[in-house]
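Novice: Please construct the entire structure, taking both the sequences and the accompanying hints into account.
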Amino acid sequence: MKICIVSNTHPTNDVRLYYKLAMSLAKQNEVYLITTNGIVNDTSNPYQMVVDVSSRHLAIWHLGKKVKELKPEIIICVEPLTLLIAWVLKKKLKFRVIFDVHEFFAISFSERFPRFFRLPSYLFYQLSLKQLMKIADAVFVVNQEMRNQLLGRNKRIPSLVLPNYPVKNVWDYECNIPGSLEQLCQMNFDLIYIGGLTEDRGIYKILKVVSLLKRDFPFLKVLILGKFFKIETENRFNQSINDYNLKAIIYYQSWIPAEKIGLLLKRCRFGLWIFNPKNRRLRLSTPLKVLEYLSAGLPVITIKTPLMKALVEKNGVGICSAYQSKAIADASAKMLRLNDKEYKAMSNKCLELAENKFNWETMEAELFQVINGLGKK
0 MKICIVSNTH PTNDVRLYYK LAMSLAKQNE VYLITTNGIV NDTSNPYQMV
50 VDVSSRHLAI WHLGKKVKEL KPEIIICVEP LTLLIAWVLK KKLKFRVIFD
100 VHEFFAISFS ERFPRFFRLP SYLFYQLSLK QLMKIADAVF VVNQEMRNQL
150 LGRNKRIPSL VLPNYPVKNV WDYECNIPGS LEQLCQMNFD LIYIGGLTED
200 RGIYKILKVV SLLKRDFPFL KVLILGKFFK IETENRFNQS INDYNLKAII
250 YYQSWIPAEK IGLLLKRCRF GLWIFNPKNR RLRLSTPLKV LEYLSAGLPV
300 ITIKTPLMKA LVEKNGVGIC SAYQSKAIAD ASAKMLRLND KEYKAMSNKC
350 LELAENKFNW ETMEAELFQV INGLGKK
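Residues 0 to 376 in numbering that gives the first Met the number 0 are what the sequence shown lists, from first letter to last.
Keep in mind the hints are simulated off the structure, nothing from the lab.
Careful: at least some of the hints might be erroneous.
[Unchecked claim] As a list, the in silico DMTMM-like pairs of lysine to aspartate or glutamate whose alpha-carbon atoms are at most 25 Å apart:
| hint | residue 1 | residue 2 |
| --- | --- | --- |
| 1 | LYS277 | ASP199 |
| 2 | LYS348 | GLU360 |
| 3 | LYS348 | GLU312 |
| 4 | LYS325 | GLU312 |
| 5 | LYS340 | GLU351 |
| 6 | LYS308 | GLU354 |
| 7 | LYS26 | ASP13 |
| 8 | LYS70 | ASP13 |
Note that this is a predicted model, so its numbers are computed, not measured.
Specialist: Take a look at the structure:
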């Protein structure tokens with residue numbers, strides 16, 4: 000069976016789309032991942048294809064043209080806009096449509112507006128999305144909360160919760176060290192943060208916490224790996240490093256390919272996920288980075304929310320704290336003071352949890368069941 004995964008924003012080597020969905024589906028099908036950017040692979044299944052787009056406004060047209068050329072039996076749409084391709088071509092090509100949702104689109108959209116306009120903008124987006132989703136024959140979501148928001152009691156559209164769990168043993172392979180990472184790969188770090196660098200994702204809070212920790216841990220080393228979305232954030236980040244005198248402690252690395260992250264995780268002891276719990280989208284999501292920390296054996300230092308308590312505290316794989324610099328610093332200090340035996344025991348719990356529960360392979364059977372069911376219709 001021929002399957003097309005279509006995205007107008009993600010690269011062809013996106014972790015979820017390529018390393019999870021495409022790689023799994025390619026075990027039984029002919030899979031094409033079609034996007035507007037990334038690497039090209041036209042020799043082995045799953046195939047990675049990039050459409051020639053000089054203007055973002057023409058992206059959907061070019062993606063649709065490629066789908067029409069390939070004539071798949073199933074198309075997996077990743078963003079709301081890609082559902083437009085399904086609306087235009089489904090009747091003619093007679094394919095089945097899956098909407099893979101791994102973002103709170105409506106909440107993210109509403110955050111662009113002043114607080115007074117957020118609720119109406121959220122409702123507008125959500126209603127529009129539900130209309131677009133009527134073309135779908137099945138929906139994949141990353142958690143139950145997302146399914147509740149999008150489908151509610153709607154039983155007409157089959158849905159499957161596919162959390163963004165890491166691929167099993169994802170960091171166990173050997174990987175060539177690029178020149179830009181050679182120095183970092185010779186160092187060891189106490190703390191690491193991976194992800195987008197924004198205020199709500201706690202980037203300034205992390206710097207404040209580190210400034211408090213350095214009094215008791217003068218040889219502390221912290222690695223921050225991520226991407227700035229605003230120049231103002233980057234400028235404030237650099238200024239804060241100077242103000243807190245953290246140049247000898249904070250090591251910053253801009254974004255690197257997903258397959259290289261394991262090289263750096265292996266050099267670290269604890270993973271940080273310090274987010275603003277007032278941000279609903281962050282509060283309701285289990286970020287991939289936390290699960291990647293666990294799969295690398297890194298206990299997690301994070302914020303106390305029901306979701307994080309159930310994942311981290313309940314399983315004994317880290318510590319949760321209030322969203323206050325002093326509280327986070329105290330929690331981090333408690334972790335940093337673990338002796339070798341205590342740390343090893345907690346690290347092993349992380350690895351066991353990733354091995355036995357939080358990995359992509361545990362969900363493949365349900366994934367194949369939905370795909371094969373649609374293929375028979």
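Novice: Now tell me if each hint is right for this structure.
Specialist: Cross-check of the supplied hints:
1. Between the alpha carbons of LYS277 and ASP199 the distance comes to roughly 9 Å, so the proposed pair stays at or under 25 Å and holds.
2. Between LYS348 and GLU360, the direct Cα distance comes to roughly 19 Å. Compliance with the 25 Å bound is thereby established for this hinted pair.
3. With a C-alpha separation of about 12 Å, the suggested pairing of LYS348 with GLU312 holds against the 25 Å cut-off.
4. Between LYS325 and GLU312, the direct Cα distance comes to roughly 19 Å. Compliance with the 25 Å bound is thereby established for this hinted pair.
5. Of the pairs offered as hints, the one joining LYS340 and GLU351 holds, with about 16 Å between alpha carbons and a cut-off of 25 Å not exceeded.
6. Between LYS308 and GLU354 the CA atoms are separated by roughly 20 Å; this keeps the pair inside 25 Å, and the hint holds.
7. Of the supplied pair hints, the one linking LYS26 and ASP13 holds, its CA atoms being roughly 18 Å apart against a limit of 25 Å.
8. Between LYS70 and ASP13, the direct Cα distance comes to roughly 23 Å. Compliance with the 25 Å bound is thereby established for this hinted pair.
Of the hints listed earlier, there is not a single one the structure fails to meet.
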